[in-house]
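Peer 1: Here are the chains, one letter per residue:
Protein chains: 2
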Amino acid sequence: MGDYQAPLREMRFLIEEIAGLREIRALSGCEEASEDVVAAILEEAAKFAREVLAPLNRVGDQTGCRLENGAVITPPGWQDAYRRFCESGWGGITAPVEYGGQGLPKALGVAVEEMWNAANMAFALCPMLTASAIDALRVAAAPEIQARYLPKMIAGTWTGTMNLTEPQAGSDLALIRTRAEPQSDGSYRIFGQKIFITYGEHDLAENIIHLVLARLPDAPPGVKGISLFLVPKFLVADDGSLGPKNDVRCVALEHKLGIHGSPTCTMAYGDAGGAVGYLLGEPHAGLKYMFIMMNAARHAVGVQGVAVAERAYQQALAYARERRQGRDLLSGEGPVPIVRHPDVQRMLMRIKSRTEAARALAYYASGLLDRARHHVDAAEREAALSLAELLIPLVKGGATEMSLEATSLALQVHGGMGYVEETGAAQHFRDARITTIYEGTTAIQANDLVGRKLMRDEGAMLLRLIGMIESTCRELGASTDANLAAIGAGLGQALGALRTASQWLRENWRNNPVVTFAGAVPFLELSSRVVGGWLLARAAQAAKRGHEESVEASHFHRAKIASARFYAEHVLPEAQALANAIVQAEAGSWMAYQEALGE
Amino acid sequence: MGDYQAPLREMRFLIEEIAGLREIRALSGCEEASEDVVAAILEEAAKFAREVLAPLNRVGDQTGCRLENGAVITPPGWQDAYRRFCESGWGGITAPVEYGGQGLPKALGVAVEEMWNAANMAFALCPMLTASAIDALRVAAAPEIQARYLPKMIAGTWTGTMNLTEPQAGSDLALIRTRAEPQSDGSYRIFGQKIFITYGEHDLAENIIHLVLARLPDAPPGVKGISLFLVPKFLVADDGSLGPKNDVRCVALEHKLGIHGSPTCTMAYGDAGGAVGYLLGEPHAGLKYMFIMMNAARHAVGVQGVAVAERAYQQALAYARERRQGRDLLSGEGPVPIVRHPDVQRMLMRIKSRTEAARALAYYASGLLDRARHHVDAAEREAALSLAELLIPLVKGGATEMSLEATSLALQVHGGMGYVEETGAAQHFRDARITTIYEGTTAIQANDLVGRKLMRDEGAMLLRLIGMIESTCRELGASTDANLAAIGAGLGQALGALRTASQWLRENWRNNPVVTFAGAVPFLELSSRVVGGWLLARAAQAAKRGHEESVEASHFHRAKIASARFYAEHVLPEAQALANAIVQAEAGSWMAYQEALGE
Numbered sequence: 003m004g005d006y007q008a009p010l011r012e013m014r015f016l017i018e019e020i021a022g023l024r025e026i027r028a029l030s031g032c033e034e035a036s037e038d039v040v041a042a043i044l045e046e047a048a049k050f051a052r053e054v055l056a057p058l059n060r061v062g063d064q065t066g067c068r069l070e071n072g073a074v075i076t077p078p079g080w081q082d083a084y085r086r087f088c089e090s091g092w093g094g095i096t097a098p099v100e101y102g103g104q105g106l107p108k109a110l111g112v113a114v115e116e117m118w119n120a121a122n123m124a125f126a127l128c129p130m131l132t133a134s135a136i137d138a139l140r141v142a143a144a145p146e147i148q149a150r151y152l153p154k155m156i157a158g159t160w161t162g163t164m165n166l167t168e169p170q171a172g173s174d175l176a177l178i179r180t181r182a183e184p185q186s187d188g189s190y191r192i193f194g195q196k197i198f199i200t201y202g203e204h205d206l207a208e209n210i211i212h213l214v215l216a217r218l219p220d221a222p223p224g225v226k227g228i229s230l231f232l233v234p235k236f237l238v239a240d241d242g243s244l245g246p247k248n249d250v251r252c253v254a255l256e257h258k259l260g261i262h263g264s265p266t267c268t269m270a271y272g273d274a275g276g277a278v279g280y281l282l283g284e285p286h287a288g289l290k291y292m293f294i295m296m297n298a299a300r301h302a303v304g305v306q307g308v309a310v311a312e313r314a315y316q317q318a319l320a321y322a323r324e325r326r327q328g329r330d331l332l333s334g335e336g337p338v339p340i341v342r343h344p345d346v347q348r349m350l351m352r353i354k355s356r357t358e359a360a361r362a363l364a365y366y367a368s369g370l371l372d373r374a375r376h377h378v379d380a381a382e383r384e385a386a387l388s389l390a391e392l393l394i395p396l397v398k399g400g401a402t403e404m405s406l407e408a409t410s411l412a413l414q415v416h417g418g419m420g421y422v423e424e425t426g427a428a429q430h431f432r433d434a435r436i437t438t439i440y441e442g443t444t445a446i447q448a449n450d451l452v453g454r455k456l457m458r459d460e461g462a463m464l465l466r467l468i469g470m471i472e473s474t475c476r477e478l479g480a481s482t483d484a485n486l487a488a489i490g491a492g493l494g495q496a497l498g499a500l501r502t503a504s505q506w507l508r509e510n511w512r513n514n515p516v517v518t519f520a521g522a523v524p525f526l527e528l529s530s531r532v533v534g535g536w537l538l539a540r541a542a543q544a545a546k547r548g549h550e551e552s553v554e555a556s557h558f559h560r561a562k563i564a565s566a567r568f569y570a571e572h573v574l575p576e577a578q579a580l581a582n583a584i585v586q587a588e589a590g591s592w593m594a595y596q597e598a599l600g601e
Numbered sequence: 003m004g005d006y007q008a009p010l011r012e013m014r015f016l017i018e019e020i021a022g023l024r025e026i027r028a029l030s031g032c033e034e035a036s037e038d039v040v041a042a043i044l045e046e047a048a049k050f051a052r053e054v055l056a057p058l059n060r061v062g063d064q065t066g067c068r069l070e071n072g073a074v075i076t077p078p079g080w081q082d083a084y085r086r087f088c089e090s091g092w093g094g095i096t097a098p099v100e101y102g103g104q105g106l107p108k109a110l111g112v113a114v115e116e117m118w119n120a121a122n123m124a125f126a127l128c129p130m131l132t133a134s135a136i137d138a139l140r141v142a143a144a145p146e147i148q149a150r151y152l153p154k155m156i157a158g159t160w161t162g163t164m165n166l167t168e169p170q171a172g173s174d175l176a177l178i179r180t181r182a183e184p185q186s187d188g189s190y191r192i193f194g195q196k197i198f199i200t201y202g203e204h205d206l207a208e209n210i211i212h213l214v215l216a217r218l219p220d221a222p223p224g225v226k227g228i229s230l231f232l233v234p235k236f237l238v239a240d241d242g243s244l245g246p247k248n249d250v251r252c253v254a255l256e257h258k259l260g261i262h263g264s265p266t267c268t269m270a271y272g273d274a275g276g277a278v279g280y281l282l283g284e285p286h287a288g289l290k291y292m293f294i295m296m297n298a299a300r301h302a303v304g305v306q307g308v309a310v311a312e313r314a315y316q317q318a319l320a321y322a323r324e325r326r327q328g329r330d331l332l333s334g335e336g337p338v339p340i341v342r343h344p345d346v347q348r349m350l351m352r353i354k355s356r357t358e359a360a361r362a363l364a365y366y367a368s369g370l371l372d373r374a375r376h377h378v379d380a381a382e383r384e385a386a387l388s389l390a391e392l393l394i395p396l397v398k399g400g401a402t403e404m405s406l407e408a409t410s411l412a413l414q415v416h417g418g419m420g421y422v423e424e425t426g427a428a429q430h431f432r433d434a435r436i437t438t439i440y441e442g443t444t445a446i447q448a449n450d451l452v453g454r455k456l457m458r459d460e461g462a463m464l465l466r467l468i469g470m471i472e473s474t475c476r477e478l479g480a481s482t483d484a485n486l487a488a489i490g491a492g493l494g495q496a497l498g499a500l501r502t503a504s505q506w507l508r509e510n511w512r513n514n515p516v517v518t519f520a521g522a523v524p525f526l527e528l529s530s531r532v533v534g535g536w537l538l539a540r541a542a543q544a545a546k547r548g549h550e551e552s553v554e555a556s557h558f559h560r561a562k563i564a565s566a567r568f569y570a571e572h573v574l575p576e577a578q579a580l581a582n583a584i585v586q587a588e589a590g591s592w593m594a595y596q597e598a599l600g601e
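Taken in order, these protein sequences are the chains called A and B.
Each residue of the first sequence is one higher than the one before, starting from 3 at the first, in my numbering.
Each residue of the second sequence is one higher than the one before, starting from 3 at the first, in my numbering.
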């Protein structure tokens, strides 16, 4: 119980059929990603996840981190695991070659990322945050700062953090108060308190590179007055060696519902005269840089949702195959393993198909991000980026909301044992619960989807996406295969609901913002269900035409078709309900709701 | 933060308008329940819940219970609270007058029960289990046993437990192995281990009366060979005084996800020669007695779902009114309390309307149980019982599944603060998670609904219920009020989905058990949504015609209509999706799912 086996066949299948490895390999800089290289890296990562990270997941939950005299002690075994993680070069597989990374495509990196998070989500947050900081430095930092910091961070010798939140400034970054005072040497002194800083302090690495949002003295109010600073835990000399400790410290750890192994720190900057910081990029442009790197960070949290759902699924399936209760409905024999009972099958198929849909969406978006970075044709790059940006809120919001249902159902499969902490199902349920909150709540994702991604092009990219789904529906409708036809019917109806809701939003968003944003989360849920169903349908088509070289391959292909059909009949019908909730909204009833809430 | 105020106006409104207090007061034995008495008891209970029980909820979670030398120590303050609970006579308000209870109707008792659970669910489990044991004794025990045990249990001086589960026998009681050996004095010696025994051992009461399922030596295999025994912690002499300690002890406490204040015990019977037990009722009839008392116990767990959802709602609403982030969509002013943001309103209205629907259903069923017990006309009693029995799985399964969504959304309203344990939102999320599992999982409720309640009369009672809902739809359709008309439209569509799914089940349950039971949980979710929506619609009708004696009453009535409309537009559309999942099931695809799960 509690083991983790990366779903390698599924991962390879999605990388090839959904992310489009063949096309990606043709992109400049991605030539290394041959099928063999991909397979070898996935095998190695699966081994590391299974043998090193997964066994530490429980101890991380039970022991948690502790703060002693400003130092954070991570759970037993984590230092050694992190050292091995760095030695194997796992921190840099998609990082740029010029700074010591391997430069492999994101379409491969996403699967590796999923494995770390499935094996040990609390551990995986450390490299995830470092990757975000690396992205920010690539976007905003001057070349000499990149040269000084990136190689160490890509190697994992130094880790990175993102410091946005303050007690009064959570979703609303306009309220940030941390300030930066310019010094004569061109550096700054940073003063302020940041909360909810993941791996803000720990004992895994030699240095910690904090990226901090703060205000310059002449900053305009609101979000247009926020600048981005680099604040190292230990100052770095010109030759790259470590100097004295900076004026930044961890003053408290949060006592959280889950991800206990990951220290969530309150960080105090400048209590002893000011923390030395360096401005990254232009003054007052901090939020712009954040938005650029946010795509990758939000995508990564979506992948966490997939990962924790997969882990919970594996544990629930193993339990359902082992636990014997009740009689077989048809044969009357018993007690039988509970996986033989229809409702247990329903729960497991719901987790499985929703996880696979969310995974397909995350991998598909990864493939788009590779094209957006590496395609020779600028128009192709732009189109890929535009579609990826539309899909990121669906990856983040959709996959994380899915993970809440998946981990809850997986606990339910265990019955009373699921409620006992030792079983481990409860940990996944608790761990998953953060994913819809951090890196922007689901509502923030939904507002980004409707208020930025749709409005900026009047829904043009969404219409193109709808067109692509429509063409898949036509293919499925023409199929003589009963499964593909049924999948096509479910997808077609759900697509109709998406079209209706999009049309309604377009008609309302200029003049009726309240009902538009009241429908934003339902629209995110609706569109992530439909796009996930579309990709599952395409996976079913690929499975249908796939060459079945073995009994195992044939079983895998049939299972992909079964997943798509279950999803079409159990999950896609929810699209219409979500669309109804959106299009029935009236400004008048919304005022009545506000009054009912006592406002 | 974290206070609890019982929603007294809502409770009185439902007791009067939905449970039907006027009619119930006309029943023999219920005459005491005047409007004044009801109001006074609700006020007193609300005070006790607010002042005594609610403040102990957090310490119960943080401290939990501990086992020392076989004794269980409850959290600080619980002994005193329990003493005061008994002194005020709260344990007996609906218990029979002949044993010292107050004999008040269940339509009132349900609201009081809700308050205990909202204030402190882990505490409330102790009287809840005692009430279940009392019910069992009333059903199965001989008069002299009733006379000896019931007064003490109704007074709360002694508490009760239900001992069903064993490590190998959870949902499947056929696998029970605990055995009972007859003695020459007519008593029995009990040997075996029971797990998950709520308040199996504690320091709140003078004695603990265990009701234990066990097998007699000549018992037939399976569920037809299970008998029910009474096993006291301390033996009770003929004069009612306490004798020596019995051979039963708590050997372990579970480390659970939630309800930490409630000890969940592993109980060992007969390690030192056999625990003295007394057979209740007929041999081998234990399961029959369980089924009779199960209605009340399952109803009680449904009420827990309502209660924890209400508590979580109150906390989320208070936070949303206090926390300031972001700007008002219309006026641009800011930062505003987050309750002004449409998506926060959507989440709060979803919790509020679903909680109110589940509450209406639970109170309505309570009124039916009063009629089933007290009506002078046998046919009326039978009809009321029959409808109540149909609704119990909806109360238990529907309200508890609702509580998972409600407590999760309430946590989400808090953003990052919701994930920090000190905030308290996470406790409700963890506490609620048990409710869909114990006293029969949601699947067990759904199988009871489809496999027993529907099949036994070929769906006749469901058709009568559908007829009642239809007649409300007609009234709403004829209304000139825009809100009532919109509510009627939503209810009518959802009712259509219920009718379609019921018809499909009737056509399949004889010949196609797999797809029938694969649809059982979706059918439970579908029918509880529709019946909840029906009762909210009736509440809206009552609010519309209500005499508005004050500004507050008028506000309350408008809020009831707003809840019903939100529910009609956001929750009822899910009925069609659930019906689709049911009617699209095919035996062939279900075989493919089984294969996809590796079976």
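Everything labelled a hint here was simulated from the structure, so no lab data went into it.
Incorrect hints may have been included.
Cut-off 25 Å, straight-line C-alpha distance, at most; resulting in silico cross-link-like pairs (DMTMM-like, lysine to aspartate or glutamate) [what the hints assert, rightly or not]:
#1 Lys546/B - Glu335/A
#2 Lys49/B - Glu37/B
#3 Lys546/B - Glu46/B
#4 Lys226/B - Glu588/A
#5 Lys546/A - Glu335/B
#6 Lys290/A - Asp330/B
#7 Lys546/A - Glu37/B
#8 Lys290/A - Glu335/B
#9 Lys546/B - Glu588/A
Computed from a prediction, not measured in an experiment: that's the story for all the values here.
Peer 1: Give a verdict on every hint.
Peer 2: Taking the hints in turn, this is what the structure says about them:
Simply put, Lys546/B and Glu335/A have alpha-carbon atoms about 56 Å apart, too far for the 25 Å limit, and the pair is violated. Of the pairs offered as hints, the one joining Lys49/B and Glu37/B holds, with about 18 Å between alpha carbons and a cut-off of 25 Å not exceeded. Between Lys546/B and Glu46/B the CA atoms are separated by roughly 29 Å; this puts the pair beyond 25 Å, and the hint is violated. With a CA separation close to 57 Å, the supplied pair Lys226/B and Glu588/A exceeds the 25 Å bound.
Taken as a hint, the Lys546/A and Glu335/B pair is broken in the structure, with Cα atoms around 56 Å apart against an allowance of 25 Å. For the proposed pair Lys290/A and Asp330/B, the alpha carbon gap of about 23 Å is at most 25 Å, so the pair holds. Distance check on the hinted pair: Lys546/A and Glu37/B sit about 68 Å apart at the alpha-carbon level, beyond 25 Å; violated. A threshold of 25 Å between alpha carbons decides the hint, and for Lys290/A with Glu335/B the separation of about 23 Å falls inside it, so the pair holds.
Annotation: proposed proximity of Lys546/B to Glu588/A holds, straight-line Cα distance about 20 Å (limit 25 Å).
Hint check: violations occur at hints 1, 3, 4, 5 and 7; the rest are consistent with the structure.
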